[in-house]
Structures are given as C-alpha cells and as structure tokens.
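Protein sequences appear in the order of chains A and B.
Under my numbering, residue 1540 is the last one in the first sequence; the count climbs by one each step, no gaps.
Under my numbering, residue 481 is the last one in the second sequence; the count climbs by one each step, no gaps.
Hints listed in this document are in silico derivations from the structure and should not be mistaken for laboratory results.
Nothing here was measured: the structure is a model prediction, and the numbers come from that model.
Any given hint could turn out to be false.
[Unchecked claim] Mimicking DSSO-like on lysine-lysine, the simulated pairs with C-alpha atoms at most 30 Å apart in a straight line are:
| hint | chain 1 | residue 1 | chain 2 | residue 2 |
| --- | --- | --- | --- | --- |
| 1 | B | 299 | B | 351 |
| 2 | A | 1319 | A | 1398 |
| 3 | B | 378 | A | 1427 |
| 4 | B | 191 | A | 1428 |
| 5 | A | 1401 | B | 351 |
| 6 | A | 1398 | B | 191 |
| 7 | A | 1398 | B | 321 |
| 8 | A | 1401 | A | 1261 |
| 9 | B | 396 | B | 191 |
| 10 | B | 378 | B | 396 |
| 11 | B | 191 | A | 1319 |
| 12 | B | 411 | B | 175 |
| 13 | B | 299 | A | 1355 |
| 14 | A | 1427 | B | 462 |
| 15 | A | 1395 | B | 321 |
| 16 | B | 462 | A | 1398 |
| 17 | A | 1484 | A | 1427 |
| 18 | A | 1395 | B | 210 |
| 19 | B | 175 | A | 1395 |
| 20 | B | 321 | A | 1319 |
| 21 | B | 210 | A | 1428 |
| 22 | B | 299 | B | 462 |
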Amino acid sequence: MPKSITELENHVAQTRRDIVRMVHGVQSGHPGGSLGCAEFFTVLYQNVLRHNPTDFQMDGKDEDIFILSNGHISPVYYSALAHSGYFPVSELGSFRKLDTRLQGHPTTHEGLPGVRVASGSLGQGLSVAAGVAQAKKLDKDNKLVYVLMGDGELQEGQIWEAIMYAAHKKVDNLIATVDVNGRQIDGDTKDIMGFVELRSKFEAFGWNVISMNGNDLNDVEETLSKAGVLSGNGKPICILMETEMGNGIDFMMGSHKWHGIAPNDEQLESALAQNPSTIGDY
Amino acid sequence: MEKKDTRSGFGDGLYEVAQKNNNVVGLCADLTGSLKMNKFQDAHPERFFQVGIAEANMISMAAGLATAGKIPYTGTFANFSTGRVYDQIRQSVAYSDKNVKICASHAGLTLGEDGATHQILEDIGLMKMLPGMTVINPCDYNQTKEATIKIADHQGPVYLRFGRPKWPIFTETGSFEIGKALHMRPGTDVTIFATGHLVWNSLEAAKALAEEGISAEVINIHTIKPLDNKAILDAVANTKCAVTAEEHQMNGGLGDSICQLLARHTPLPVEMVAVNDSFGESGKPEELLEKYGLGVKDVIVAAKHAIARK
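Work out the full structure, taking the sequences as your base and the hints as a guide.
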C-alpha cells in the first residue's frame, strides 16, 4: 500500500531527526548530503522498491535492488533501511560506534541486512549496479536496479567507464540517480571541477535523461515512477536530481560546510525543533 | 617434453567449467585472444561480457554479478588485474566478500619483449595482503586448467595468476587441490619451495644437484594464500634449510610468506630466488629469467648456500 504524501512528509521529518541525532551522537559523519537526499530515500524505500526487507537475500532475485555509490551519506541510508524493516530502528543509535553493523561507510562485512556492497571509496557503485543489472537480464528477472551517486563523485573516471558500458550494452533495467547538490568537500562543484551541465553528457553517451527536484516529494514520486516506465526501452535511465545540501535544517543549507561535520548540542536542539518528532525517535 | 602456455590452461579450464556450471560468467577488458577466452565466448556468448579497455568497471561489475549469484571470472593481464584496480578489488570484491575470480595472465618477467610496464612482479604481494583473498599461482598448463575449474567451487574471492610463454607440462591432472602443497621430488639435504614457472626451473636444479650428490626436495606451493603451513614445516623438519623460488619481487612474494612462517615456528636458513627490488625490461623470457637471477643455476647456487648455512 503506497504511502500518502502526508505520511511521506512525516517519514522525511523523522529521517532528518535520525540523521542529525546519529551524527551528533558520535560527533562524526556526513549530515549535509544525507539531509539533501531524505525525500529520495523516503520515496524509494517506502513507495517504489519491490523488495522483501524482512527476508533479506544477498542475491535479491526477483527484487528491485538499490546500490548506494556515495557511501558517505550512510545516515540517510541506514534510516531508510531501518524504517522499512531491514533491521531494528533502535540499532541506529550504534552508528559509527565500536562493534556496530552501522559502519561509518556502508558495508556487507558485518552482515547488515539491506546492504549488498561496500561503498565509500567513490566511483564504483554504478559499475556494481551495471553488474547486478546484467545478471538480472541473464536470469530473465524483470525487476530494476537503482543506484545513487553524488555529482562530485562524477569526477571519478570509473563512472564514465560505466556510463559508456551501460549505454553500449543497452542496460535498460538500470536507473541511475545523480544527487546534483552542487557541493563537495572543498567547495562548490562548479569551482572545483565543474561539468558545466550534465544532461548533454549523459545524452551524448546514449542515456535517457530526466530530471527532478529532489526535495519535492511529489516530483520525486512522479519522476521515479516515470523512470520505471522508461525502463526496458534500450537505454539506461539517468535522473538528474537537484537537491539542497542540508535541506530541512536552516543553518546547514546553502553551503558545503556541513558535508562532514557534526552539530553540537545547541545546533542539534535547533535542528530537532525544525523537524518535530513524527514516527518516533530511535 | 610437451610445452603449452599456462594461459591456454586457463582458457580450456574456463570453457570446461562453464559447460558444467551455468553460473559461471566471464568478463574481459579487450584481451580475449591473449587470455584464450574465445572458446568460452563462442560457446556462451550470453555469459561473456566484453567491457572494453576499462578494467575498473570490469572488476566492480564482476562484484555486481557475484552479488546476484553469478561466479564471475575476470580476464586481463596481471598488471591490469591488480595494481590498476586495487581499490576496486579491495572495496567491491574483498571487503564486500564477493565470489569473484580475478584471472591474471602475462604475469612476471616471462611476458618478455613488452617490457617492465607490463611485467608485474608485485601482484602476489598486493593480493595476499587483502583479507580473505585466496592467491594461486599454478606452474603448468595442467595445473592452471585444473585450478581454473576448481576455484568455481570455492566460495570467496580468488586471484589466479598465470603466464604467457610456452612452458613444460609436468604435473598430473587430478593433483591440484586449493591450499595443498604438491610434492614434486623427494630429497633430504634442502627443500626448494617453488611457485609458477619457477617450479620447472627448481626441478631442473634438483636434477643437476643430484649429479653433484646433493639431494634436493622440491615442493610446489601453487597456493600462496592460504599457505600449506603443515607441509612446509614438515618438510624443513627433515631437511633443516630451504630455498624459495618465484617469478616475483622478493618483497611480498612466496619467499616472504615462508620466511614469516619459519621465523615464527622454526627459524632455519632460507635463501630466496626472486627479483631483488627491481623492475624488469624487454627481452626473451629465458634471457630475462637468467639476467634477473631466476635461472636454473640461480636455484642451484641458492640451494648450496642454504645447505652451507645449516
């Protein structure tokens, strides 16, 4: 049963609370990019993926698969996995602490249900997703493979190897979303290593490109649904998702500065006041 | 003696294992002919993925295929199978515990005329340092073929290293088992632990030593990780000294693994036949082995030194 926009809004608010509380709790982690992607993860995990969270199987046969390439936004990923039933929500409190399954960057190593490959070293997820997508074709499994990458991550050369591959081999069961937040660690992407714009590049390689405002729940829902419809037509699908880093917490927005630092006690209080508890804190 | 390249053992093994196991898939980065993957490709075009000259994409894609239950065999030169894609192997394959078989041809000096850019001598070290990685360096066509087939039934990442030149075939089919040292020749004065092409040179050296009245045992350590500790310790308990022989840097290779084992359990004289902190160069395989100290006479000299140090 798909969730209504109101229900999704509640999920997004809860996800934001989870993100800042997790990062605050261990005084490390990456809140900015995580917050920008709260709507995307909420819609994907609550309404889009056809998956079995309570019976996690690594091979994901006959399930939609999601691969996170920019692994540093693990807080939003973990929150989405927990709230869709992969593991207890209470486990979010162990984020980045000794003996946790919720490692700083996502990994299969500690057996956390929902994670299928380690990521953190950037640029590898699109290739991994292409491999899963090829296996699905071989198995005549018509479910889809989703992957999320950062826009700064597109500076990695391997991404372009995979972009070339997926178009040439018509990997049309692959939906790659780029989080275009325009920021990276050292500053704005356009200043560090700008692409000018991305649509023409993906199109030139032979991809089907659509775009959305990643912080507008209606747009995210419609666009992800449209991407599903576009699959199976001989081209891989790229969603250029514009987001605001730090979205939903006023002092974290409009800058790259909250890429990888934690809020202090006062800042946490302010962040939580802006996003009242909905589903319930871990 | 019949000679064949070990890479042909890989090609024939891949074809054979793919006939029996539908989950076996192959990926290649524009070196299908060099890796002898054509027979597999022709028989199973749907299970063959040509990725072009894009090794990083190939390794991470293999991790994806393995995630979905396939048994991917990646094929390219040893240099491009390891150093070029170390981070992809480390994160997407080894740390993620993916059942990927990294199959690497043209390893070592015997690649020959192409020179040092392609003659990787550090790959065993790179691969054996990765937690959970199995490292196999077979010595002839038969062993390479058998290893290629048997790694399909081994759950977990494997690095399989083989070479380019035609090389004598001297092992029996059925003699290869992952992680189990293979006794090639009995002896009482010194044990020569050899891997890859250097097993043949070690057997030749043992023959020559016998003519001088020296009894050299030769043990083939095809699996460098996990090391067959028991076979190694049992052998030196008898001979009291050892030689290691490999087509690899001394740092990080088989000799280094055996020295660690002996230092911890039973310190004894060890001489190492390996490349000593140097890059290779262009030349014919035999010329290069001789120039870089990996020839038959180098094994003979090392054996005598080891015995003298007892």
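Here is what the structure says about each hint:
1. B:299 to B:351: It holds: about 16 Å lies between the C-alpha atoms, which stays within 30 Å.
2. A:1319 to A:1398: Holds. Residue 1319 (chain A) to residue 1398 (chain A) sits at ~10 Å (cutoff 30 Å).
3. B:378 to A:1427: violated, 54 Å
4. B:191 to A:1428: It holds: about 28 Å lies between the C-alpha atoms, which stays within 30 Å.
5. A:1401 to B:351: violated, 42 Å
6. A:1398 to B:191: holds, 20 Å
7. A:1398 to B:321: holds, 28 Å
8. A:1401 to A:1261: Status holds; Cα separation ~21 Å.
9. B:396 to B:191: holds, 27 Å
10. B:378 to B:396: holds, 28 Å
11. B:191 to A:1319: holds, 22 Å
12. B:411 to B:175: violated, 35 Å
13. B:299 to A:1355: holds, 29 Å
14. A:1427 to B:462: violated, 46 Å
15. A:1395 to B:321: Distance ~27 Å between residue 1395 (chain A) and residue 321 (chain B) Cα, so the pair holds.
16. B:462 to A:1398: Violated, at roughly 54 Å.
17. A:1484 to A:1427: holds, 22 Å
18. A:1395 to B:210: holds, 23 Å
19. B:175 to A:1395: It is violated: about 37 Å lies between the C-alpha atoms, which goes past 30 Å.
20. B:321 to A:1319: holds, 26 Å
21. B:210 to A:1428: holds, 25 Å
22. B:299 to B:462: holds, 27 Å
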